[in-house]
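Chemist: Each chain, letter by letter, is given below.
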Amino acid sequence: MARTLAMFTDVSLCIGCRACQVACKQWNQLAPEEPEWTGTYQNHHHFTDKSYRLVRFFEETDDKGQIKQWHMMSDVCKHCAQAGCLEACPTGAIYRTEYGTVNINQDICNGCRYCVSACPFGVVAFNHDTGTATKCTFCNDRIHNGLGPACAKACPTQSIKFGFRDELAVVAKKRVDELKTLGYKDARLYGEDTAGDLGGLNAFFLLLGKPSIYGLPEKPKLPQKNVVVDSLLSIGSALIVGLGALVAFRGRGGQGDA
Amino acid sequence: MEPGLLKSADWPALIDVYFFLGGMAGGAFVIATVANLLDRERYREIVRIGYYVAFLAVIPGPVLLTVDLGLPTRFLHMLMVAKPSDAIGMDAITIGPFHLKPFSPMNAGAWALLGFSLFAFLAALDVFLEDRGGRSMRTLRAVVGLIGGFFGLFLAAYPGVLLGATARPLFIGAHWLGALFLAIGASTGGAATAFVLSLSGGQRGDALSRLMRFTAFALIVQLAALALFMLTVSTSGSAGIARSLSHLVAGPYGVPFWLGAVVIGIVVPLALQFAGVIRKTAPAMTALVAVLILVGGFIVKYVIIAAGQAT
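Residue numbers (our numbering), protein chains in the order written: chain A, 1 to 258; chain B, 1 to 311.
Okay, chain A solo, but in the shape it has when bound (with noise of 0.2 Å):
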């Protein structure tokens, strides 16, 4: 595998202009859709078929119920190293790049939905019109070409930085012990450590607080981890229920008693 691309989004930079998601837009050829009325400049609500890419708004409220703080967070498709998309996908339609990325082959899936699901950041979207999955792929086509994904190109902050996942990395924490200095204590990376969830996010992002307060698990968990307990119990099930058929069914004839 080559080495691991990624990409660092800094919150603390992002001024929500929302280039990005035009950016995505523009470049991956998504189509209009009808805006949604979410309360504040966020639109839409969820990714889309047609919208990879997110800008999210928050308001961090205090104890009495009274706005704190706004938050600003361009949000996009992790890429997870442990990911529950490409792990549900029972047609090995999602894989894994040599860069690390996850992508939906296109012409492979055929729209069971089960990703969509599976997804613990509800990233992967159904496009109805063409009856597949679809999500960010960290414009795959521009990566390999090296002209980085078309998001992080127009971000006017460099609030998305784009590059070697172990570059990144010492980037972000170098911002974090910045941000610290600079008052700001509750500063943290979400997704950078690849010892962590989901073994690491791709897409890793430097918050401001704690991860629910940008709508996000605080601890993301792979779906799949469920499989083995719950195949285990079944089939414990399975064996107390033979047995029962077993124990019912055997033996001489004459009158069963309840």
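Read the hints as simulated data drawn from the structure, not as lab findings.
Glycine residues also receive a C-beta, built at the ideal position from the N, C-alpha and C atoms.
Don't take each hint at face value.
Unchecked claim - Stretches of chain A that chain B covers, calculated by requiring three or more beta carbons in the stretch to come under 8 Å of a beta carbon on chain B:
1. 86-92
2. 108-116
3. 211-218
4. 228-240
Unchecked claim - Derived, one-sided and incomplete: chain B residues facing chain A with beta-carbon distance under 7 Å:
5. Ala9
6. Val34
7. Leu38
8. Arg74
9. His77
10. Lys83
11. Ser104
12. Leu153
13. His175
14. Ala186
15. Arg213
16. Phe214
17. Ala218
18. Thr232
Since the structure of chain A is already known, use the hints to place chain B on it.
Modeler: Positioned in the frame of chain A, the structure of chain B alone reads:
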């Protein structure tokens, strides 16, 4: 988990119909196999009906699944792909154009459905030929029964494991859905066989009462697995998960859950069984109990899947 972040596959009710029929088919097949191995002559009718029910119930499965796909012409992609196994997931195996992904219950389930369909066909063909006066080969039927029985158990349980391997709040903290679905397969498989047997009037000796005794036992396992499912979900600690559970037991699905899945599907049939109504009264009463179990078995799967997808 933040429920607002996640998306649902929005599987329609026809997927629930498949899960129900597949579980029932697997259950009926396993019961027929056990009965066949223990006493082929005494349980002749249970074996016949069980294998027929299994075959007829599994036929719509592939059709329902294919219709639901975004691109139905690509249904074979469930089993075939041309990619290196290390690019498509944990422990994936590729042999020629085929692939098996043990951590993708949908992929494993597609293989199980294929295997079960084949053996259900062979078993049904065997009893059909026997009905027509042909001779059934004892060993062959036993082998078909055992291999098909394995696939049948898999077919009954895997939809529960499949749901457990999604990020939906109601499912990600639960561990008992596979066990629950297997028990539902056993109870509904027994009920379907008992329903046909009681109406056909072809029962010999105590075969029907033994079948109903097993069905009652499966219902108790079903009740226990349902309770354990709810217990693991409610103790998993996240506010989002607790919200989705309350959606199932107290929200829009509360009434069908308690009335349909628990009372009609489990409590009433068990009460009738233990009151001894079935042994002493007409086959019509057995048929009624069987229908209640079948209705309840569908409702419990339906409400769990609907509530899990809605929250």
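Chemist: With reference to the structure, classify each hint as holding or not holding.
Modeler: Hint-by-hint comparison with the structure:
no., hint, result
1, 86-92, "holds (count 7)"
2, 108-116, "holds (count 8)"
3, 211-218, "holds (count 4)"
4, 228-240, "holds (count 9)"
5, Ala9, "4 Å, holds"
6, Val34, "4 Å, holds"
7, Leu38, "5 Å, holds"
8, Arg74, "4 Å, holds"
9, His77, "4 Å, holds"
10, Lys83, "5 Å, holds"
11, Ser104, "5 Å, holds"
12, Leu153, "5 Å, holds"
13, His175, "5 Å, holds"
14, Ala186, "5 Å, holds"
15, Arg213, "5 Å, holds"
16, Phe214, "4 Å, holds"
17, Ala218, "6 Å, holds"
18, Thr232, "10 Å, violated"
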